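Participant: Please construct the entire structure, taking both the sequences and the accompanying hints into account.
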Amino acid sequence: MTDKRGQSLAGTLLTTLRNRRSVRDIPSQVGPNQQRALTVASYNVHKCVGADGRFDPGRIIEVIREISPDVIALQEADKRFGERSGLLDLNRLRLETGLVPVPIVTGPKSHGWRGNLLLFRHGVVSDVHQIALPGLEPRGALVAEIDLSGSAGLRIVAAHLGLLRWARKQQADTILNLLNDRDDRPTILMGDFNEWRLGKGSALTRLEPVFGPLPPAIPSFPARLPVLSLDRIMANRADLIRTLTVHDSVLARVASDHLPLVAHLDIERVV
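In the working numbering, the protein residues as written are 253 to 523.
To be clear, the hints were calculated from the coordinates, so they are not data collected in a lab.
There's no promise every hint is true.
[What the hints assert, rightly or not] With a Cα cut of at most 20 Å, we get these calculated SDA-like pairs of lysine to any residue:
{"id": "1", "residue 1": "K421", "residue 2": "L480"}
{"id": "2", "residue 1": "K421", "residue 2": "I383"}
{"id": "3", "residue 1": "K361", "residue 2": "R346"}
{"id": "4", "residue 1": "K361", "residue 2": "G310"}
{"id": "5", "residue 1": "K331", "residue 2": "E389"}
{"id": "6", "residue 1": "K331", "residue 2": "G302"}
{"id": "7", "residue 1": "K299", "residue 2": "E318"}
{"id": "8", "residue 1": "K361", "residue 2": "N343"}
{"id": "9", "residue 1": "K331", "residue 2": "A303"}
{"id": "10", "residue 1": "K299", "residue 2": "R346"}
{"id": "11", "residue 1": "K299", "residue 2": "L503"}
A quick note: this is a predicted structure, and the numbers were derived from the prediction, not measured.
Facilitator: Here it is in structure tokens:
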């Protein structure tokens, strides 16, 4: 399989598998200053249906507890049709992890915005925007300004991009235009971007004016044997992301069809 730019799926798989081999060594480099890091994560929970086909929201909560994030963006946290009912026990999640949802305006039974749920452990939310992304599918993004460090604000953009490449390009442009209209501050963009291509063939290259060269492609899908880098975490500041890896536990491999992606941020650069 080769796209119009001559980029082969086989070549992409080889590159991402090499990254998978190398990034597993990254956490050992954190060293004694780990306590100065913020942990952010992105996780497509697949409507709480695991790789074994079983619906089990409790497993998702256990995986989140394993990660122990300060901020986590979840995709597919609601049912897709009807009243879009939320699928997680948010009270149990709060009690077991300390995480609470960023407040949004949504349906009475929904937890997220078009399936996107953004949770944080400590801090003050000063601004939230719910963005409808263009395309044939009901895709969206959440933009939240959160004071996480006690002295500085961090902008989080949580998004779930579409399955069609032309739509992903438009969706990336929408996110970029939104950020260009706002003040400059440390920003993390994360989510399931549904983009396996690397280099010029990737729709995500449109984000490079703000987020620079794309970070290493780390396989996160399918969870049982990850070979595609559909999930991404990127920053608009050089060296803001100290480490980036998948959370590859026994439970994570069965709880959803994606593995969570986890980044540690250098808190000293959140200024």
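Participant: Hint check: K331 vs A303, CA-CA at most 20 Å. Holds or violated?
Facilitator: Measuring from Cα to Cα gives roughly 17 Å; hence the hint holds.
Participant: Run the distance test for K361 versus N343: straight-line Cα separation, threshold 20 Å.
Facilitator: Roughly 14 Å separates the two Cα atoms, so the pair holds.
Participant: Hint check: K331 vs G302, CA-CA at most 20 Å. Holds or violated?
Facilitator: holds, 15 Å
Participant: Take the C-alpha atoms of K421 and L480, compute the straight-line distance between them, and say whether it is at most 20 Å.
Facilitator: holds, 19 Å
Participant: If you draw a straight line from the CA of K421 to the CA of I383, is it 20 Å or shorter?
Facilitator: holds, 15 Å
Participant: Keeping to a limit of 20 Å between CA atoms, is the pair of K299 and L503 held or broken?
Facilitator: The hint holds at about 16 Å.
Participant: Does the structure keep K361 and G310 at a Cα separation of 20 Å or less?
Facilitator: holds, 19 Å
Participant: Does the alpha-carbon distance linking K361 and R346 stay inside the 20 Å limit?
Facilitator: holds, 18 Å
Participant: Does the alpha-carbon distance linking K299 and R346 stay inside the 20 Å limit?
Facilitator: Holds: K299 and R346 sit about 19 Å apart, inside 20 Å.
Participant: Hinted pair, alpha-carbon criterion (20 Å max): K299, E318. Please report holds or violated.
Facilitator: holds, 19 Å
Participant: Against the 20 Å threshold, does the CA-CA distance of K331 and E389 hold or violate the hint?
Facilitator: holds, 14 Å
This entry satisfies every hint, going by the numbered hints stated previously.
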